[in-house]
Amino acid sequence: MYINYNLNHNYQTARIISTYTADVSGVCSALFELGGMSVIHDASGCNSTYNTHDEPRWYDFDSMVFLSGISEMEAIMGNDEKLIHDVISAAEQLSPKFIALAGTPIPMMVGTDFKAIASVIEKQTGIPCMGIPTNGMHTYVQGVSMAMQTLAEKFVTESMPKTKKISVNLLGVTPLDFSLNGSVQHMHDLLNQNQIEVVSCWCMGDSLENLKLAPSAHVNLVVSYAGIGAAEYLAKKFGIPYLIARPYGKAFSSEIIRAIRNLSDYPKNQKNLQNSVLCRNQEIPGNPEIIMIGEGISSESLARAIERETGKTVGTIIATEYDTNFLSENARIARDEAELIPILKNPDLKYLIADPLYQPICPKSVKFIRLGHEGFSGRIYHDLMPDLTEDLHWILNQL
Amino acid sequence: MLKRIGKEIDLSGAMTTIRDATFPSPFQSELEYSCSARGTWNIVHTGFLVPESHEIFVCAAGCLRGVVLTAAECGLSGRFSTIEIREENVLNGDLEELLINGVSDIIRQLPERPKAILIYTSCIHHFIGCDTTLCYKKLREHYPDIDFTDCYMNPIMRKSGLTPDQIMRRQLYSLWHQPESGQNPRKMNIIGNNLPTQKNSELYTLAGIAGYDLTEIHDCKNYAQYQDMACASANLCYNPVAKAAGEMLAEKYHQKLLYFPVSYSYQEIQKSLAEYANFLNIPLPDYADVIAKCDLKAESLKKLIADTPIMIDYTATIRPLSLARFLLEHHFNVTRIYADGFTQEEFQDFNWLQENYPDLEIFATIQVKMRMIPREYSKKTLAIGQKAAYFLNTPYFINIIENNGFWGFSGILEFLELLEDAFLHEKDTKKLVQIKGVGCGTACI
Chain A
1 MYINYNLNHN YQTARIISTY TADVSGVCSA LFELGGMSVI HDASGCNSTY
51 NTHDEPRWYD FDSMVFLSGI SEMEAIMGND EKLIHDVISA AEQLSPKFIA
101 LAGTPIPMMV GTDFKAIASV IEKQTGIPCM GIPTNGMHTY VQGVSMAMQT
151 LAEKFVTESM PKTKKISVNL LGVTPLDFSL NGSVQHMHDL LNQNQIEVVS
201 CWCMGDSLEN LKLAPSAHVN LVVSYAGIGA AEYLAKKFGI PYLIARPYGK
251 AFSSEIIRAI RNLSDYPKNQ KNLQNSVLCR NQEIPGNPEI IMIGEGISSE
301 SLARAIERET GKTVGTIIAT EYDTNFLSEN ARIARDEAEL IPILKNPDLK
351 YLIADPLYQP ICPKSVKFIR LGHEGFSGRI YHDLMPDLTE DLHWILNQL
Chain B
1 MLKRIGKEID LSGAMTTIRD ATFPSPFQSE LEYSCSARGT WNIVHTGFLV
51 PESHEIFVCA AGCLRGVVLT AAECGLSGRF STIEIREENV LNGDLEELLI
101 NGVSDIIRQL PERPKAILIY TSCIHHFIGC DTTLCYKKLR EHYPDIDFTD
151 CYMNPIMRKS GLTPDQIMRR QLYSLWHQPE SGQNPRKMNI IGNNLPTQKN
201 SELYTLAGIA GYDLTEIHDC KNYAQYQDMA CASANLCYNP VAKAAGEMLA
251 EKYHQKLLYF PVSYSYQEIQ KSLAEYANFL NIPLPDYADV IAKCDLKAES
301 LKKLIADTPI MIDYTATIRP LSLARFLLEH HFNVTRIYAD GFTQEEFQDF
351 NWLQENYPDL EIFATIQVKM RMIPREYSKK TLAIGQKAAY FLNTPYFINI
401 IENNGFWGFS GILEFLELLE DAFLHEKDTK KLVQIKGVGC GTACI
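Just so you know, the protein sequences line up as chains A and B, in that order. For the record, in the first sequence the residue sitting at position 183 is 183 according to my numbering, with numbers rising by one throughout. For the record, in the second sequence the residue sitting at position 203 is 203 according to my numbering, with numbers rising by one throughout.
In isolation and in its complexed conformation, chain A is listed as follows:
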């Protein structure tokens, strides 16, 4: 055992900052509006955390999200029968359209086979059932991604003709990144105003039946990294190219519209499937005077949007799961205080844009711009989560 009382290493500590919504909550968030029943396989606590801090729709929308309540003896004895019995009992009472099982640390440690359990439940109930082996040790981005990919693999299986108009599926949409501030509707409006049809939105404001129409879209617009799993599946299965970017501000949103039109020509104009990471900065930038912290695609997109509007260089710190191949030159992946604090000591840094719960680690010489993020501070700062889809003035006025 190596004991180190004094040296400054990364011991995965957070003296004061928050932690992101976990993968298991991400699963529930992704599936929330689709009429299914999500079951968190956990002893206690995960369900109240989810419905208190991770799910702003909980009070007004009666989605079926429940907890298994696994006990010590059931875990030690590997008693999956209790889970299977209880899920079937609840399904018989409530008739969900599908069932999803999501895992937490103890089921991971005892090696719970979620896919096998899902198969047993599906056979006994006739209700489609998905086992999603989360373990509560990753952020919501991974959980949402796993859920959307599993959902696509389960329900989106048949090819269909493309829509007449240029069309997209929006992938990676949950309140954890989009809150309930009107930004999802605003994205729809933006696309519709530019004669681009939205076939499906994964997974806010849409139905399971509509998601099945996804193969008829020309392009997948991946608006958070949580949409990447479904995007990869739909690209491989149906040859739909994907574009990685979230609409922010007029200039950057216009670029997204143009990129969608270009990609929609596939396969007419291109032999190979051509995906695009529009939110990655293609130039070699200077030292950033602005840094933002958050989810990968949202942060990178907002950084590009601010650059277009101000001409200033914006760096990002991505604190959730992200593909390093998508990173801009000025982007870093960092999650713990021990990783974050040294990056923020950059003497050129003038502004830090991040969730207010990051403020305690912001250097005093740097102006902190509070931009709430449901996936980090939950419900605390709803009034600091503006819809920035087309209008960035809320931020620009503070720079």
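Please keep in mind that the hints were generated in silico from the structure rather than gathered at the bench. Nothing here was measured: the structure is a model prediction, and the numbers come from that model. Be a bit skeptical, because a hint or two may be false.
In silico lysine-lysine, DSS-like type, Cα no more than 30 Å apart, as pairs [said to hold, decoys possible]: (1) B:K302 with B:K380; (2) B:K199 with B:K427; (3) A:K82 with A:K123; (4) A:K115 with A:K154; (5) B:K430 with A:K97; (6) B:K369 with A:K123; (7) A:K97 with A:K237; (8) B:K369 with A:K154; (9) B:K199 with B:K252; (10) A:K236 with A:K162; (11) B:K159 with A:K82; (12) B:K199 with B:K243; (13) A:K250 with A:K164; (14) B:K379 with B:K302; (15) A:K115 with B:K159; (16) A:K97 with B:K369; (17) A:K212 with B:K369; (18) A:K164 with A:K212; (19) A:K345 with A:K312; (20) B:K297 with B:K380; (21) B:K380 with B:K431; (22) A:K154 with A:K165; (23) B:K369 with A:K82; (24) A:K350 with A:K364; (25) B:K115 with B:K138; (26) B:K221 with B:K256; (27) A:K236 with A:K164; (28) A:K165 with A:K250; (29) B:K115 with A:K364; (30) B:K369 with A:K115.
Each pair of labels, with its calculated beta carbon distance range [as the list claims (entries may be wrong)]: (31) A:K97 with B:N356: 44 to 52 Å; (32) A:Q185 with B:P24: 43 to 51 Å; (33) A:M73 with B:L424: 47 to 55 Å; (34) B:L162 with A:L396: 50 to 58 Å; (35) A:I84 with B:D421: 46 to 54 Å; (36) A:A251 with B:K379: 51 to 59 Å; (37) A:Q185 with B:L11: 31 to 39 Å.
We treat Cβ as the ideally placed atom computed from N, Cα and C, and that holds for glycine.
We have chain A already, so just place chain B on it with the hints.
Relative to chain A, chain B alone:
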């Protein structure tokens, strides 16, 4: 976009009458639903009662999320830190190293040295066989100026012995040192409560008459005052989940445990007060006048409230059946209890209600159907507690948890005042019931 997808649901499995209910568990244990009423305290709130202390949770990210934001919503993030357990720690089995080094790293970064640190380990430590005894030994050796105690966020153990709530209320006093000056025979504590006991309670007035100093953890402004509680000669508790704390203190500090369960029964209160007076070595005062006052208040309130249905949930009071019985005996129209189980203290009241009001409804709060049952009631309904208010979607409710520190005849009078206020004044149910930990911190939500 938002909508309710509620449909007609038959109530079997989620509701029964008390006639058909079994004691103490009226419902099957299956999948669990968690409703939006969040006013009850959790182990984070309770730990903050130790003055000048710091909490460190050592768990997986999914478990940390709820507790981190509990502290943030209370405005107490400065007294709260975390160490995140990741997959590689489980695979490498280095939880001891992570715990010791992580705690050390946090201590190094804190702006002020805490007097005490409450370290919360998790289900993972238990399952992987982490040697937490070694960890605490090393930390105590290296930081002799800081008191450490072991707390637990291991809900997987909730059906194996003491519940996490019972353990937390016990560990709250585990930081006491052995008093150097010995016991003070005129000093007593009230232990085990999240909310402070009302100072006008008979528990305080009798202690005053007998010349006893009665202290509760909420009275302690600093760590020294908290340590001073160890000098008491007796501990008094009235919440069943605090009894384990009293038993630990009786063994460790030889402090007498006085257990006077919360009750709405005049006889039960009288019995407790008689025992209390005997311990204090004073004559039992005559409570006839105060009992008459309770009856008078109940009578006048009944005229106001008339036959308005009253529904009680278990989060508002430790003794929902005792309260129901009191109100029914005073001719109020109590029609429903929301509870998933009952404590042994309720057995006599359960039997009485079964015999005298067999149609009284018992509703579960965590059964899955409760998610889908329409949240409404056809006419004005008075709810006692947040869960009842949530399920009924009524603005007429008493917004309290854990009996709000009420005890005895004074507690009954205070409660009746709240009932009157709840009947006369609407509340913002959606806003209020979602606030975590009623009465803790600054509650910025």
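Status of the hints after comparison with the structure:
1. Note on K302 of chain B and K380 of chain B: the hinted pairing holds, with a Cα-Cα distance of about 15 Å set against a maximum of 30 Å.
2. For the proposed pair K199 of chain B and K427 of chain B, the alpha carbon gap of about 26 Å is at most 30 Å, so the pair holds.
3. Under the criterion of a C-alpha separation no larger than 30 Å, the hint pairing K82 of chain A with K123 of chain A is consistent with the structure, at around 17 Å.
4. The straight-line distance between the Cα atoms of K115 of chain A and K154 of chain A is roughly 12 Å, inside the 30 Å bound, and the hint therefore holds.
5. Of the pairs offered as hints, the one joining K430 of chain B and K97 of chain A holds, with about 29 Å between alpha carbons and a cut-off of 30 Å not exceeded.
6. Between K369 of chain B and K123 of chain A the alpha-carbon distance is near 23 Å, which keeps this suggested pair within the 30 Å criterion.
7. Between K97 of chain A and K237 of chain A, the direct Cα distance comes to roughly 24 Å. Compliance with the 30 Å bound is thereby established for this hinted pair.
8. Distance check on the hinted pair: K369 of chain B and K154 of chain A sit about 27 Å apart at the alpha-carbon level, within 30 Å; holds.
9. Restraint check for K199 of chain B and K252 of chain B: satisfied, since their Cα atoms lie roughly 28 Å apart, inside the 30 Å limit.
10. Proposed proximity of K236 of chain A and K162 of chain A is supported: the alpha carbons are some 16 Å apart, at most 30 Å.
11. As the CA atoms of K159 of chain B and K82 of chain A are separated by approximately 15 Å, the hinted pair is consistent with the 30 Å bound.
12. Restraint check: the Cα-Cα separation between K199 of chain B and K243 of chain B comes to about 21 Å, which is no more than 30 Å; the hinted pair holds.
13. Among the hinted pairs, K250 of chain A with K164 of chain A is consistent with the structure: their alpha-carbon atoms are about 26 Å apart, no more than 30 Å.
14. A threshold of 30 Å between alpha carbons decides the hint, and for K379 of chain B with K302 of chain B the separation of about 18 Å falls inside it, so the pair holds.
15. For the hint pairing K115 of chain A with K159 of chain B, the CA-to-CA distance comes to about 27 Å; that is within 30 Å, so the pair holds.
16. Straight-line distance between C-alpha atoms of K97 of chain A and K369 of chain B comes to about 16 Å, which keeps the hinted pair within the 30 Å bound.
17. Between K212 of chain A and K369 of chain B, the direct Cα distance comes to roughly 29 Å. Compliance with the 30 Å bound is thereby established for this hinted pair.
18. About 18 Å separates the Cα atoms of K164 of chain A and K212 of chain A, which keeps this hinted pair within 30 Å; it holds.
19. As the CA atoms of K345 of chain A and K312 of chain A are separated by approximately 19 Å, the hinted pair is consistent with the 30 Å bound.
20. Using a Cα cut-off of 30 Å, the hinted pair K297 of chain B and K380 of chain B holds, with the two alpha carbons roughly 22 Å apart.
21. Restraint check: the Cα-Cα separation between K380 of chain B and K431 of chain B comes to about 20 Å, which is no more than 30 Å; the hinted pair holds.
22. Of the supplied pair hints, the one linking K154 of chain A and K165 of chain A holds, its CA atoms being roughly 27 Å apart against a limit of 30 Å.
23. In summary, the hint linking K369 of chain B to K82 of chain A is supported, as the alpha carbons are separated by about 19 Å, within the 30 Å threshold.
24. Annotation: proposed proximity of K350 of chain A to K364 of chain A holds, straight-line Cα distance about 10 Å (limit 30 Å).
25. Taking the CA atoms of K115 of chain B and K138 of chain B, the gap is about 17 Å. The hint holds against a cut of 30 Å.
26. Only pairs whose Cα atoms come within 30 Å are accepted, and K221 of chain B paired with K256 of chain B is accepted, the gap being roughly 25 Å.
27. Between K236 of chain A and K164 of chain A the CA atoms are separated by roughly 22 Å; this keeps the pair inside 30 Å, and the hint holds.
28. Of the supplied pair hints, the one linking K165 of chain A and K250 of chain A holds, its CA atoms being roughly 22 Å apart against a limit of 30 Å.
29. Between K115 of chain B and K364 of chain A, the direct Cα distance comes to roughly 28 Å. Compliance with the 30 Å bound is thereby established for this hinted pair.
30. Distance check on the hinted pair: K369 of chain B and K115 of chain A sit about 26 Å apart at the alpha-carbon level, within 30 Å; holds.
31. The supplied range of 44 to 52 Å is met by K97 of chain A and N356 of chain B, whose beta-carbon atoms lie about 46 Å from each other.
32. At roughly 49 Å, the beta carbons of Q185 of chain A and P24 of chain B sit within the given window of 43 to 51 Å.
33. Distance hint check for M73 of chain A and L424 of chain B: the Cβ-Cβ separation is about 50 Å, which falls inside the suggested range of 47 to 55 Å.
34. Separation of L162 of chain B from L396 of chain A is about 56 Å and conforms to the stated range, judged on CB atoms against 50 to 58 Å.
35. Look at I84 of chain A against D421 of chain B: about 48 Å separates their beta carbons, and that is inside 46 to 54 Å.
36. The supplied range of 51 to 59 Å is met by A251 of chain A and K379 of chain B, whose beta-carbon atoms lie about 57 Å from each other.
37. At roughly 37 Å, the beta carbons of Q185 of chain A and L11 of chain B sit within the given window of 31 to 39 Å.
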